[in-house]
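K.L.:
Residue numbers (my numbering), protein chains in the order written: chain A, 1 to 321; chain B, 1 to 867.
Just so you know, the hints here were simulated from the structure itself, not pulled from any lab data.
Watch out, some of these pointers could steer you wrong.
Stretch by stretch, here's where chain A covers chain B in the computed footprint (C-beta under 8 Å, at least three residues) [unchecked claim]:
| hint | region |
| --- | --- |
| 1 | 592 to 603 |
| 2 | 839 to 852 |
Pulled from the structure, derived: some chain A residues nowhere near chain B, Cβ distances all over 12 Å [stated by the list, open to error]:
| hint | residue |
| --- | --- |
| 3 | 43 |
| 4 | 94 |
| 5 | 123 |
| 6 | 281 |
| 7 | 313 |
| 8 | 316 |
The calculated lysine-lysine pairs, modelled on PhoX-like cross-linking and capped at a C-alpha distance of 20 Å, are [unchecked claim]:
| hint | chain 1 | residue 1 | chain 2 | residue 2 |
| --- | --- | --- | --- | --- |
| 9 | B | 684 | A | 299 |
| 10 | B | 860 | A | 320 |
| 11 | B | 684 | B | 668 |
| 12 | A | 299 | B | 843 |
| 13 | B | 837 | B | 860 |
| 14 | A | 218 | B | 504 |
| 15 | A | 311 | B | 860 |
| 16 | B | 837 | A | 299 |
Positions of the beta carbon are idealized from the N, C-alpha and C atoms, including for glycine.
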Amino acid sequence: MALEKEEGIGMKHRFCLCLIVLLFPVIAQANSSALIIQGIGGSEELEKKFTKWGTGTRDTLVKEMGFASERVFLLTGDATRKESILKTFEQLKQQIKPQDNFLLFLIGHGSFDTDYKLNIMGADLTGTEYSKLIDSLNAARTVIVSSTSSSGGMFETMSGKNRVIIAASRSGEKEDTVFYEYFLAGLKGAAADEDKDKKISVWEAFKYATAGVDRSYKEQTHLLTEHAGLSAAGTAATASTSEQEAPVLARVTSLNAERTVTVSDPKLQALLDQKKAIEQNIEALRLDKNLLPEAEYDKRLEELVLQLARKNQEIQEQQKK
Amino acid sequence: MKRSAFTIFVLLPLLLLSCAALWQSDSTRAIQAARTGEYASAVRTLEPLVANGSSDPAIVNALYYSWIRQGEYAKARERFDAWAMARPNSAPVRLAAGRINHVTGNYAAALTHLNAALNSPDVGIAASFEKAVILEETGKREEAEMIYNRITENFLNTPNTPPRNLIYVAGAMTATEHFQEANNVYRTAVKAEPQNAEAWVAWGELLTKKYRETDAIENYKEALKIDPNMPEAHLEYARNLSSTEVERAEEEFNTVIETNPKMPAAHLFAATQFIESEQYMKAMDSINKALEVNPNMAEAFSMAATVSYLQGKTDEFNKYKDKVLAANPQYSKLYYTLADSAVSVRLYREAVAFAREALKINPRDWDSMTVLGINLQRIGEEKEGTDALEGAFAADNLNVLAGNTLNLLDRFKRGEFIRIQSPHFEIKLEKKEGEALRPYVVDLLEKAYKTLTAKYNFTPQGPLSFEMFPDHADFEVRAVGLMGLGALGVCFGNLFVMDSPTAKELDHFNWGSTLWHEFTHIITLQMTDNRVPRWFSEGLSVYEERKAYPGWGDDMKLDYLRVIKQIPPPASPRGGRGASEPPAERRVTPKLLPISELNDGFMHPKYPGQVLVSYYQASMVADYIEMKWGFPAIRNMLMLYKAGKNTEQVFREALNVSLEGFDTEFMKWIEAKAAPIDPAKYGKLMTAGVEALEAGDSDKAIVSLKEAVEMYPEYTDDNNAWEPLAEAYLKKGDKPAATDVLKRYLTYSEVAFPSYVKLSELLEEAGDKAGAAKALEGAMYVRPMDLKGHSKLGSLMLELKQYGNAAREYETMIALKTPDRASAYYLLAQAYLGEGKRPEARKAVLNALDIAPSYEPAQKLLVEIQK
Chain A
1 MALEKEEGIG MKHRFCLCLI VLLFPVIAQA NSSALIIQGI GGSEELEKKF TKWGTGTRDT
61 LVKEMGFASE RVFLLTGDAT RKESILKTFE QLKQQIKPQD NFLLFLIGHG SFDTDYKLNI
121 MGADLTGTEY SKLIDSLNAA RTVIVSSTSS SGGMFETMSG KNRVIIAASR SGEKEDTVFY
181 EYFLAGLKGA AADEDKDKKI SVWEAFKYAT AGVDRSYKEQ THLLTEHAGL SAAGTAATAS
241 TSEQEAPVLA RVTSLNAERT VTVSDPKLQA LLDQKKAIEQ NIEALRLDKN LLPEAEYDKR
301 LEELVLQLAR KNQEIQEQQK K
Chain B
1 MKRSAFTIFV LLPLLLLSCA ALWQSDSTRA IQAARTGEYA SAVRTLEPLV ANGSSDPAIV
61 NALYYSWIRQ GEYAKARERF DAWAMARPNS APVRLAAGRI NHVTGNYAAA LTHLNAALNS
121 PDVGIAASFE KAVILEETGK REEAEMIYNR ITENFLNTPN TPPRNLIYVA GAMTATEHFQ
181 EANNVYRTAV KAEPQNAEAW VAWGELLTKK YRETDAIENY KEALKIDPNM PEAHLEYARN
241 LSSTEVERAE EEFNTVIETN PKMPAAHLFA ATQFIESEQY MKAMDSINKA LEVNPNMAEA
301 FSMAATVSYL QGKTDEFNKY KDKVLAANPQ YSKLYYTLAD SAVSVRLYRE AVAFAREALK
361 INPRDWDSMT VLGINLQRIG EEKEGTDALE GAFAADNLNV LAGNTLNLLD RFKRGEFIRI
421 QSPHFEIKLE KKEGEALRPY VVDLLEKAYK TLTAKYNFTP QGPLSFEMFP DHADFEVRAV
481 GLMGLGALGV CFGNLFVMDS PTAKELDHFN WGSTLWHEFT HIITLQMTDN RVPRWFSEGL
541 SVYEERKAYP GWGDDMKLDY LRVIKQIPPP ASPRGGRGAS EPPAERRVTP KLLPISELND
601 GFMHPKYPGQ VLVSYYQASM VADYIEMKWG FPAIRNMLML YKAGKNTEQV FREALNVSLE
661 GFDTEFMKWI EAKAAPIDPA KYGKLMTAGV EALEAGDSDK AIVSLKEAVE MYPEYTDDNN
721 AWEPLAEAYL KKGDKPAATD VLKRYLTYSE VAFPSYVKLS ELLEEAGDKA GAAKALEGAM
781 YVRPMDLKGH SKLGSLMLEL KQYGNAAREY ETMIALKTPD RASAYYLLAQ AYLGEGKRPE
841 ARKAVLNALD IAPSYEPAQK LLVEIQK
């Protein structure tokens with residue numbers, strides 16, 4: 001009886017996951033835009049580090065992640081004044097369609113008192129103000145990543161529907177962080193692409209960076225003084241990188257720019273559709289993983305993956321024709 | 001006449017009054033002198049006063065201690081016996097006579113004297129306490145307890161116990177295991193009489209017993225402020241410092257002997273120290289000195305029994321044992337002493353057996369129960385060991401040894417450590433890091449087992465348990481039950497424990513060489529039934545480190561070179577004395593020790609760093625023996641130790657050389673090795689080389705740095721010439737020369753992580769994949785959590801078709817939560833397949849595909865595995 005009860009819970013959970021995936025806005029003919037705000041460093045060393053992160057992010061998005069260069073904005077120095085940021089959001093408003101994704105990267109020093117702030121030139125914008133600006137874009141999904149100290153403060157005022165937020169530290173952690181170093185490394189060369197689907201989900205990037213921070217502190221035999229967190233769709237922030245606790249929105253939202261692939265060969269298209277069907281079966285099986293005995297799960301996975309391997313073979317042969 | 005008669009008549013009372021005042025003032029001064037350590041001066045005034053009939057308790061007491069503290073035992077006994085006979089009703093004199101007869105072993109006479117003083121309002125409690133102690137020492141525990149209880153009850157029922165009696169009350173409470181209450185009473189005693197040095201010392205002894213050494217030391221300091229010569233305070237101070245500040249302890253001990261050359265407790269302390277360093281003849285000499293004062297001293301005979309046992313002299317052992325037990329059949333301390341000494345020379349099974357004997361005699365001997373519990377753990381009897389410790393802790397919750405160990409055992413129970421069973425070892429690793437360390441730890445343990453069992457042709461008896469602790473404090477508790485252990489690892493014959501790599505500062509610790517070192521102890525201890533002397537066991541462990549991996553094991557560091565060349569130690573950096581630095585006139589010129597005293601270098605070092613010097617010296621002795629007589633001689637030596645031979649006999653029979661002869665030849669050899677090294681010149685060459693390198697003149701840098709490394713290749717600490725020399729060659733573009741420099745450097749250094757990595761890169765670039773892999777593997781014993789290193793090493797191992805090693809790397813990467821787990825599982829599957837482990841390969845590749853179903857290489861591998 002106890003087993004039945006557990007299965008029931010698992011089934012309910014799976015149902016919820018599927019429902020959540022279906023409820024997310026459908027990405028069709030979507031595109032992505034990004035804004036990188038590189039706050040002030042305050043010292044030569046930090047200025048250098050933030051510049052490396054800022055330009056590194058822009059270059060990676062454009063060169064490796066499919067972003068059009070005109071859809072990536074990098075604001076540094078004087079251009080980080082409030083009026084420049086507002087102006088950039090006006091430009092973004094023109095650019096972003098309801099099916100598009102928007103990525104906001106906040107690099108620099110942060111603080112948290114009653115609201116989160118990124119240190120920029122002149123008066124700082126608050127988390128609440130950023131949130132309103134993001135609302136004004138009306139993007140399908142928004143991803144916000146902050147490298148700063150105290151960035152956990154974002155969760156209070158910037159969380160929301162269709163938003164995923166990654167903060168490098170808790171709101172009370174005031175020291176500079178190393179999180180973004182690993183986050184950016186994860187984007188480069190698709191290092192964080194754990195499932196090898198040639199896209200990096202927000203979840204994969206978060207996991208990659210969190211593991212990097214953990215290792216870095218361990219190697220230095222220092223106590224961990226920064227704790228990154230992730231919040232999706234307004235839910236409470238999590239620091240866990242356990243797959244079981246992965247928020248679905250973070251798993252299904254890609255940091256890569258969306259691109260539509262069209263195939264003119266109907267035979268190839270049919271094979272691709274069949275492949276897609278097998279992949280969906282695998283995904284369904286993976287959702288059932290905790291409900292099946294390990295050997296049974298492995299057996300079913302093996303069968304499906306072998307089907308997928310054969311289908312890939314057929315696709316490759318068809319492509320050669 | 002009339003006038004004179006009148007004068008005398010009138011003045012006599014005044015004269016008498018003034019004499020009495022003078023007498024009073026002299027005695028007060030003398031008592032004060034006795035209290036402040038001017039014993040001889042005190043005796044000069046006090047002896048005539050007591051001889052002339054004074055029974056003032058303060059005067060008698062001061063005289064007694066003034067004699068005793070100078071070692072005048074015979075005189076004190078002779079005088080007090082005579083005075084007691086002349087004035088049998090003088091309770092203070094009878095108390096003093098009782099005490100001196102107790103101290104000198106004449107227990108019957110002591111009791112007679114004390115019985116006569118029991119009802120004295122002044123000294124009755126002191127006499128009662130002294131009597132109880134004697135009764136306890138002579139096997140009348142129940143009678144003694146009645147007295148102790150009476151003293152305690154009287155205290156509880158008497159509102160105003162005089163402060164001078166509080167130490168007897170606290171002593172009685174201690175004897176009846178009311179430790180917390182005793183502690184409170186001592187606190188009250190010193191508050192009421194802050195100038196009572198005896199109270200400070202007695203309280204300190206209780207604190208020492210409860211392992212609160214730091215607090216105890218403060219007490220002894222207080223006592224010494226009052227009486228700077230007080231031998232008891234100096235002795236207890238020395239005892240407390242003996243395991244932490246050995247040099248300072250020796251100073252304190254020397255002060256005791258200068259004041260009281262005959263003090264039995266001091267000689268027994270010295271004997272303990274000699275037993276620890278396995279110098280049994282000297283231990284026996286010290287015991288005999290104690291017996292000269294008290295020929296019936298059970299503690300001395302217990303130690304004599306210990307020395308006989310450790311020397312394998314069964315008849316003598318039985319003789320001493322029987323003597324102790326005949327006098328006091330309840331004297332479980334005999335077996336406790338044997339157990340404790342057995343531990344100090346690593347005879348853990350024997351310690352267990354003796355502790356069991358102690359508990360047969362006195363089931364309430366909590367010290368023995370603690371020794372039993374801790375040593376049962378060490379020999380692998382975890383369950384029974386835990387039960388014993390729980391018993392000891394339940395009886396005395398101030399028992400820090402039992403409490404600390406039980407806390408750690410609780411953490412084992414709570415699953416904070418993972419348990420792994422390898423073919424030959426039961427392993428415990430802390431949960432957070434255990435999975436990441438498991439592949440390497442298991443691999444290295446099994447390699448050590450295979451290598452050393454074959455080499456020594458000896459199979460150790462199991463179970464063999466290995467534990468690693470990321471928190472040094474946990475390691476300390478597991479090793480000795482207490483904090484303050486400087487070692488990196490400890491071996492108990494079956495169980496060996498060590499710091500994990502994360503317990504130490506990055507790049508300052510090679511966990512691989514430490515593991516190998518400790519496992520070598522398993523071999524040498526078990527092969528000799530734990531009879532191998534400490535110096536030889538440590539020497540062989542370092543010697544085997546050197547054989548295990550290039551660069552492992554200590555080489556001739558600058559500190560060792562200074563000792564070999566007898567260069568005086570550098571002055572304290574601030575020009576003043578450090579906290580524990582002896583004054584210049586007492587500073588010891590460091591030198592290597594003769595073999596016969598080499599254990600002292602480990603157990604009782606006389607200058608800072610002597611322990612490490614002794615490790616090095618002992619390892620060089622092993623090197624020298626192998627070079628001159630071959631490895632079979634080393635094995636033969638171990639067999640001779642097992643047969644119970646002493647070191648002199650072992651050297652004579654295995655090497656055909658006397659110890660003195662060996663020392664002479666060894667010193668010549670090691671001095672010749674050190675002779676060409678000039679540290680000052682090395683410094684100059686190094687400076688010139690680095691300056692040239694910074695100025696961009698690589699050729700000039702190479703000339704200086706090369707000369708430096710040729711002169712002193714073993715110097716690998718900070719500012720060594722190897723690293724800049726490699727850099728100079730690289731700047732010049734001469735990669736083969738840089739490679740050669742790094743290769744040679746890493747035959748001396750075991751912690752140079754960046755150099756290991758650089759060498760690996762250079763070798764790979766030159767096409768030497770095996771060399772590259774070996775270098776990178778070395779780096780993993782320094783930074784086992786380096787993901788990049790494991791990843792690179794895994795691919796090198798796969799290329800080299802060393803599939804087992806490749807699997808180890810990928811297993812580690814997965815445990816380290818590599819971000820690219822799918823690739824790691826895929827490569828692990830390849831490694832398993834290479835090893836012929838098809839089911840494991842299938843599982844690994846399915847794990848990869850579970851993470852990344854569209855990962856085509858993994859799909860293809862699954863198809864291949866299916867075929």
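K.L.:
Hints first: check each against the structure and report whether it holds.
P.N.:
Evaluation of the provided hints:
no.	hint	verdict
1	592 to 603	violated (count 0)
2	839 to 852	holds (count 7)
3	43	holds, 25 Å
4	94	holds, 37 Å
5	123	holds, 39 Å
6	281	violated, 10 Å
7	313	violated, 9 Å
8	316	violated, 9 Å
9	B:684 / A:299	violated, 70 Å
10	B:860 / A:320	holds, 19 Å
11	B:684 / B:668	violated, 28 Å
12	A:299 / B:843	holds, 10 Å
13	B:837 / B:860	holds, 17 Å
14	A:218 / B:504	holds, 11 Å
15	A:311 / B:860	holds, 12 Å
16	B:837 / A:299	holds, 18 Å
Violated hints, in rising order: 1, 6, 7, 8, 9 and 11; the structure is consistent with all others.
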